[in-house]
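Colleague: Chains A and B supply the protein sequences, listed in that same order. Residues -10 to 331 in our numbering are what the first sequence spells out, letter by letter. Residues 32 to 351 in our numbering are what the second sequence spells out, letter by letter.
If you are wondering where the hints come from, they were derived from the structure by calculation, not from laboratory data. Keep in mind that the hints are not guaranteed to be accurate.
[Claimed, not checked] Here are the simulated distance ranges between beta carbons: (1) A:G5 with B:I35: 47 to 55 Å; (2) B:H105 with A:R161: 49 to 57 Å; (3) B:P259 with A:R35: 56 to 64 Å.
Just so it is clear, CB atoms sit at the ideal spot from N, CA and C, and this is done for glycine as well.
Each chain, letter by letter, is given below.
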Amino acid sequence: MRSRRKLIVCLAILGGLHFVIACAGFFSPYDPTTQNRDWPYAPPMRIHWFDAAGHFHLRPFFYPLQLHEGAFNEYQQDTTHPVTLNFFMTGPRYRLLGILPLHIHLFGAGDTPVFLLGSDSYGRDLFSRMLFGGQISLLAGLLAAGLALSFGLVIGSLAAYLGGWGDEILMRLAELFLALPWLYLLFAIRAFLPLAVSPVEAFLLIVILIGTVGWARPARLIRSVVLSAKERDYVRAARGFGATGGYLLRRHILPETLSVMLTQAAILVPQYVLAEVTLSFLGLGVPEPVPSWGNLLSSLQQYSVLTSYWWMYLPSFAMVPFFVGYLILASALQERAEGPKI
Amino acid sequence: MRYILNRLAHAFFLLVGVSFLSFLFTTMAPGNYFDEMRLNPQISPDTVAALRAQYGVDRPVLVRYGRWVASIAHGDLGFSFAYGRPAAPLLWVRARNTLLLTSVATIVAWLIALPLGIWSAENRGRLPDIAVTSATGLLLVIPDLLLALGLLLLAVRTGWFPTGGMVSVGFETLSFIGKLRDTILHMALPVTVLVLSALPILVRHVRAAMSEVLGTGYLRAAQAHGIPRRTLLYRYALPAASHPLISLFGFSVGTLLSGSLIVEVVMSWPGLGPLLLEAILARDLYVVIGGVMLSTVFLVAGNLVADVILYWVDPRIRVA
């Protein structure tokens, strides 16, 4: 009972987090690729509820930034003119979930730019880029996990079904893939693929790459599940009653693999999100100007950014709650699969 | 002895498989080092063709594989197009640095993980256990990229540690002690990241293996005989729990190698990682293959060491 509640709470929180990222257009005040050349490297702005005199304001406000005299990227707060945040205001157009054209944003401040997490070298809002970057990274992780699991399902059940030589060859191949340090393998294959490609191509390339490299572990797991399921008494009984191979697979064997697949998915998705982040961080993944959690961080490879613009590090925290969620989800699914503990 | 030979043969076939697989991938590659050269108007097509023929890029994959294996016999590991010299010397220097980083990280990680895991298993369900489990859980969800960038940011802003490279300027002039101190200071950050990223899995496995052993009847009997706690834990329980942990040792080498790739790039540690990245961006084929091969060799060697230790520790394997 406790593990069931854990599962539901965990799924609800993860669902909420994914919802925010999926509706990034609504939750972010700006378009992720719009440049504000007047505001490069603006520091994060704090949202206040209490003004300097200690009075509470129902509507939160912030102090707009002003350029320092004579500097091009040093700012100071203009505390004399607080600007209140507007909620559900119209702003730049976007497509909700990629379909619904809208221009309502959760918050914004009209003509005064509000950078919750600061802005980057082109004056793009980091908060918006973080939310939109999540779309790319999470989608890559989910699709790659789906791909790896489908490969694993097909190859694993094929190996279990074939047995003998076919099984031996497939499992030796899987061992080969597992033997390599997987990041090196990913790198090696990426090395032989074209480097300068459009963002969409790069995205697909990465998804296919990660998904293909990752087939081995799920394949081995599914093979062992199918092998043990094949020998169950009820499966033998069904076979004895004349059930066909397809029927057995559909009704008895594949449902057995479902819980393993789900647990694997919960383990693989964060791993593959991280793989995308790593590749994009190193410039081998989704290229600018499209944001991803990886290429958002790549500016930190410059020493000047490290010394002066620490807020470029902030978007990286976005992935942590997702990883926590998936970790708890995986353990809850595992508990459920193992049945109640005595 | 047959067991060890068996493992050696297995490792050998693994390496052959990996090398052949990476060559196979190169044939699927659309483009190579010379394609980019062809775009350069200052280099005539004839020169490119001559270079292609010289390096044998236009040959079928099996021929190239054969030549590559032959070059291993010469100790060359293929040829770096970008550097214009054999790949092996390039790779060796970098591999040595990677090895230094990962071996220190492995030792430190195990030295921390063992007592921590044992302590946690001993106090199962009590405060120390909860503290250790939640701390490792937290570490588990923070990716090493984040950890590396965060520590680098900290180092840059506080100036407590050098922020890149392996040695300071003027390293050659230092005394031996000074050199040692300088290298250790430069290693501190990357090793910390690697240890922190490897630690949660190690601690959890040590804890699981130890709590299983601590629950057995013979240990409770030993406890009832009044054997002191420390002897009980380290002399009786740990050897009994060592089997899965030694296998884990081989696995941890692989994790640390993958981790060190990204940590090296972030912290500009002159190891295999940055070299590999450069080679990928320059399409320097043999350096990429060599880097992957070397890392595989390290991994396989780590597993072999684990197998040998297992053979030495566990009499059941020797008999079987």
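Colleague: Please list, smallest to largest, the hint numbers that this structure does not respect.
Modeller: 2
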